[in-house]
Amino acid sequence: MMSDCKIPFTCELCDKQSSCQLDHIEHNKWAIAQRMKEITYKIVVMSNKGGVGKSTVTTNLGVTLALKGYKVGVADADIHGPNIPMMLGVEGQRLKGTEEGILPLEVLPNLKIASLSFLIEDPALPIIWRDAAKWDFLCELMGSICWGKLDYLLVDLPPGTGNEAISIIELIGKVDGSVIVTTPQDVVLLDVKKSVYFSRDSNVPVIGVVENMSDLVCPHCKGHIEVFKTGGGEKICKELGLTFLGKIPLDPEVTKKCDDGEAFVTAFPDSEGAKAFSEISKKCEVFVRKQTEENTEIREYREVPFLGKVPVDPNFVE
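Count along the sequence shown from 1, add 140, and you get the number used in our numbering.
Any given hint might turn out to be false.
In silico BS3-like pairs for lysine-lysine, Cα to Cα no more than 30 Å straight-line [unchecked claim]:
(1) Lys-169 - Lys-274
(2) Lys-146 - Lys-208
(3) Lys-156 - Lys-334
(4) Lys-314 - Lys-208
(5) Lys-314 - Lys-274
(6) Lys-422 - Lys-208
(7) Lys-177 - Lys-208
(8) Lys-396 - Lys-430
(9) Lys-146 - Lys-333
(10) Lys-375 - Lys-211
(11) Lys-334 - Lys-236
(12) Lys-423 - Lys-396
(13) Lys-208 - Lys-156
(14) Lys-375 - Lys-333
(15) Lys-274 - Lys-189
(16) Lys-146 - Lys-314
(17) Lys-274 - Lys-177
(18) Lys-274 - Lys-333
(19) Lys-314 - Lys-333
(20) Lys-375 - Lys-289
(21) Lys-314 - Lys-211
(22) Lys-189 - Lys-156
(23) Lys-378 - Lys-396
(24) Lys-169 - Lys-430
(25) Lys-375 - Lys-314
(26) Lys-274 - Lys-236
(27) Lys-146 - Lys-156
(28) Lys-156 - Lys-211
(29) Lys-177 - Lys-146
(30) Lys-289 - Lys-423
(31) Lys-334 - Lys-415
(32) Lys-169 - Lys-375
To be clear, the hints were calculated from the coordinates, so they are not data collected in a lab.
Sequences are here, hints too, so could you generate the full structure?
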């Protein structure tokens, strides 16, 4: 049961926090739930290994969906490496507070982002926080940012399956799917399994796997060069029964555009990489819509002693 407080943001931003006697945890849960119910689909982008291009995938996937006309939010939950603002050319910007909470930064007419990078003075300084401070920030990211009505909220998780990933999934409540990013090497593919098992254990449907840095397109002959091997993402999907979302080529222009603060998909819309992101976004759209349709089907319930109403399996014969 929520507390009597109706302030629409989390307790961390309230000037009465130290003297308030109401239940802060319950209020924060309520505030986050109010934000999340305005968002149609919530997707987390994750990898158990750092350096695979997870933030690059999140950024370009968010821009691709926004260019299709969807209202998109990108929550940069990578506390120790908040790089998405730099990739979109807005490093050093500051967020503005209102009576309703904090306004995210609008980088396109229908693309909003929020990141710890907007709240620190020097982006080169390390974030040295214990888990309690991380929890407070993630509460603010989900509950104090005025995301408004969105079609998609993409959450860029830090590497691993630790505190931040667990906290985000707990705070969101219902995550519609996870996109797992890998590179083709076997040592990285081993970590993909950990992300898959983590998603399943957390009741988060796995949308599929993206193989980043798949191969290099020769600028002269346009042939494909397997720098880090290729096909590992497809192999792991077959092994685990997952959908392979697509390959992102190893293209020097991707790195260059990230450093320049411009999304690769807008700079090179006709490139193989941009086409790959378009296909990946389509598969994500289909997956989350199908999940929603399956979850909203009308079901028959019956009363069971001690359990109350439970759904009836139409295929079960007594």
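Hints and how they fare:
| no. | hint | verdict |
| --- | --- | --- |
| 1 | Lys-169 - Lys-274 | holds (16 Å) |
| 2 | Lys-146 - Lys-208 | violated (36 Å) |
| 3 | Lys-156 - Lys-334 | violated (42 Å) |
| 4 | Lys-314 - Lys-208 | holds (24 Å) |
| 5 | Lys-314 - Lys-274 | holds (20 Å) |
| 6 | Lys-422 - Lys-208 | holds (10 Å) |
| 7 | Lys-177 - Lys-208 | holds (22 Å) |
| 8 | Lys-396 - Lys-430 | violated (36 Å) |
| 9 | Lys-146 - Lys-333 | violated (42 Å) |
| 10 | Lys-375 - Lys-211 | violated (34 Å) |
| 11 | Lys-334 - Lys-236 | violated (38 Å) |
| 12 | Lys-423 - Lys-396 | holds (27 Å) |
| 13 | Lys-208 - Lys-156 | violated (42 Å) |
| 14 | Lys-375 - Lys-333 | holds (12 Å) |
| 15 | Lys-274 - Lys-189 | holds (20 Å) |
| 16 | Lys-146 - Lys-314 | holds (23 Å) |
| 17 | Lys-274 - Lys-177 | holds (23 Å) |
| 18 | Lys-274 - Lys-333 | holds (26 Å) |
| 19 | Lys-314 - Lys-333 | holds (22 Å) |
| 20 | Lys-375 - Lys-289 | violated (38 Å) |
| 21 | Lys-314 - Lys-211 | holds (19 Å) |
| 22 | Lys-189 - Lys-156 | violated (40 Å) |
| 23 | Lys-378 - Lys-396 | violated (33 Å) |
| 24 | Lys-169 - Lys-430 | holds (28 Å) |
| 25 | Lys-375 - Lys-314 | holds (29 Å) |
| 26 | Lys-274 - Lys-236 | holds (21 Å) |
| 27 | Lys-146 - Lys-156 | holds (13 Å) |
| 28 | Lys-156 - Lys-211 | violated (34 Å) |
| 29 | Lys-177 - Lys-146 | holds (16 Å) |
| 30 | Lys-289 - Lys-423 | holds (22 Å) |
| 31 | Lys-334 - Lys-415 | holds (29 Å) |
| 32 | Lys-169 - Lys-375 | violated (40 Å) |
Checked against the numbered hints listed earlier, the structure breaks hints 2, 3, 8, 9, 10, 11, 13, 20, 22, 23, 28 and 32; every other hint is satisfied.
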